[in-house]
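K.L.:
Add chain B to chain A, keeping to what the hints say.
Residue strings, one per chain:
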Amino acid sequence: MRTKRLVLTAGIALVGLALAGCSSSSGGGGGGTDTSGHGPITYVQGKDNSNIVRPLVAEWNAAHPKEKVTFKEQSDKADQQHDDLVQHFQAKSTDYDVVAVDVVWTAEFAAKGWLQPLEGDLKLNTSKLLPATVAAATYNDKLYAAPETSDGGMLYYRTDLVKTPPKTWADMMKDCSIAKTAGIACYAGQFDKYEGLTVNASEAINGAGGKVLTKDGKPDVTSAKAKEGMQNLVDAFKDGNIPAEAITYNEEAGRTAFESGKLMFLRNWPYVYSLAKTDASSVIKDKFDVAPLPGVDGIGASTLGGHSWGVSSYSKNKGTAHDFLEFMLTEKTQKFFASKSLAPVLTSLYDDPEIVKAQPYIPTLKESILSAVPRPVTPFYPAVTKAIQDNAYAALKGTDVDTALKDMATAIDSASS
Amino acid sequence: MSAVAQAPSGTTGPARRKGGLNEKHGQWAVWLIGPTLLALAIVIGYPVVSAVIQSFQSDAQHIDPTTGALVGGGFAGFENYLHWILQQCAAGGKTIACAPGTLGASFWTSIGNSLFFTVVTVVLETVIGFWMAIIMNRAFKGRALVRAAILVPWAIPTAVTAKLWYFIFASAGIVNAVIGAKILWTSDEWASRFAIVIADTWKTTPFMALLILAGLQLIPEEVYEAGKMDGAGAFQRFFRITLPLVRPALMVAVLFRTLDALRMYDLPAILTNCGGGRGDATTTLSCLVVDQVRQGYSSASALSTITFILIFVVAFIFVRFLGANVVQTQANQQKGILR
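Residue numbers (this note's numbering), protein chains in the order written: chain A, 1 to 417; chain B, 418 to 756.
Keep in mind that a hint or two might mislead.
[Stated by the list, open to error] Covered stretches of chain B (in silico footprint by chain A; criterion: 3 or more residues with CB under 8 Å from a CB of chain A, positions within the stretch not fixed):
(1) 483–490
(2) 507–515
(3) 580–592
(4) 599–609
(5) 692–702
The hints are simulated quantities; they were obtained by calculation from the structure and are not laboratory data. Using N, Cα and C, we set each Cβ at its ideal position, and we do this for glycine too.
The following block holds chain A by itself, in its conformation from the complex:
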């Protein structure tokens, strides 16, 4: 009896071990090099809340009955979209052909060999696209994804309190006396400990002329210019020009404060514009406008947001994928994106009078994107962004700026080892 029980337990344990041993190791390197396959493909992106992609896919399918595109929607949380893509790529799945990648994931996926370089047969004409968006989709001097839509940070300001928007950070801090007289807070961005803080800290550093990473991926945050940028933020907190509660702000909290009239300057993304104009609870509907972000010596360096489309290395129909990408980059499709309040990547559209009329912030957004600096382009982005977030947060909470930047540099070094 005892033996049989032992045999049963041992048998189950063996099965477990065998299954564990059967797991394949994560292999690098891409899939097949055949770039001429044509046939049905699957397009994957996050939730299409505003019903933008479905009409485009229907249009393509009507014109290409033999190369139909199946649209697969993921969750609307960026982290879950990232994890879903990683799972499929690690399994070398051929199910995903064209995938929408956030600009900060491009380097990571490219370095792991999951994205097909867009060269040779898959070459795309990028001359008409905004340069910063193309730079964000380039890794190791090769284009790995096609820019889809862009996003840039803008300065929202109260026109009833400030006649001309400030051009430099120092000017903006001077304008804070107006806010004090009016009894409201002066400036806020996104300072909670999440990706938004990486965006704001990078903007502060880049706006002062500094860099987060050098071209070889080494940290450059201990330079004098980077320190000046961070110190500007820290001093603004100390002087009360940034209210104490802004340390808990994300995009929505800042938007609520601005719309209820409690904030004079707000750094946020373009989506706030139409909401601030049309929300029932907005008390500043006709009292605000947008301007490019102020830097230390002139226009600031907004961070680039947005998405790009990549072609999976394991896709079987890369030819169709390439044609679909070209379709998405035509002027007609990009105009359609613009009409739905997404920033297009075709430079010419920013001067199109129809679009400017529909979205009055477009000229400001163009200036913002033209001087935008992408977030660090590195395959170790999750660790690098954590290094930036944590140390910027500590600096804003009172840690000495020199120490915080030194720790940031060490942590970024550890990220890529």
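P.N.:
Relative to chain A, chain B alone:
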């Protein structure tokens, strides 16, 4: 049935049905339970074993300068574990102490946070839950409604609860409005910890109350009557009758809560972004694991295994030394051995 049936130790007397793999119905048991055990082995056993094996692989990825591709990996021995326990990170080819901003730097802080949350929330929930259970044990009008309504906080998914409390504790939220202060509940070091304690206690006290209520209902009325006749006061009845008799159910409830609280993730992640203080006042072990998964699986597997060992040790202490063993203790109590 080849083997000779060996008499199990200790039992004598008339032919009692003994379970045993040699008996006919014992063999049936094997065939009926076998598939479930197999499914459990695949769903639970395989991931655990696979994670442990993965934790001995290396994450170290280096960029090949020509192709830009990530290369590296291979066997790493105990390096991942040492990285966490000794907080050693690699930087520029050397091994140094992990700088703030890396996950390794928060390891011991997160263990401290997890233990703090566990102890404080379990104590609060036990005390308040016990009080609620005693009230619910009495007969009064609408008791059934109260018992059903009291479970509502427990029924709401934690993510929804966390988001609700996030808005309640926002700097412009209702708590600050009511108490007239401007406390940054999601950002100050101790304020954020207590925000989590409050939200967790609100959510889980009903669970404890109901488990303790189940234990209270098993105590026969006669024991109380006998106590009253012997002249025991209310306090004496509570400490000498209620507590010892409800102890098995209480210990099991406390054990469940402790294991859950050690693994707390969704509440800190949504309420405070696992931040607060200088950046890690509310970081728990599970926060670290989830963040590490995005940076490297092998390190994350090592951290998961460390969490698993920690929780296993706590559970072992509970079962071995604190008697969280329902069946055994209740059986003994019914036989008159009050232990």
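K.L.:
Name the hints, by number, that the structure is in violation of.
P.N.:
Structure breaks no hint.
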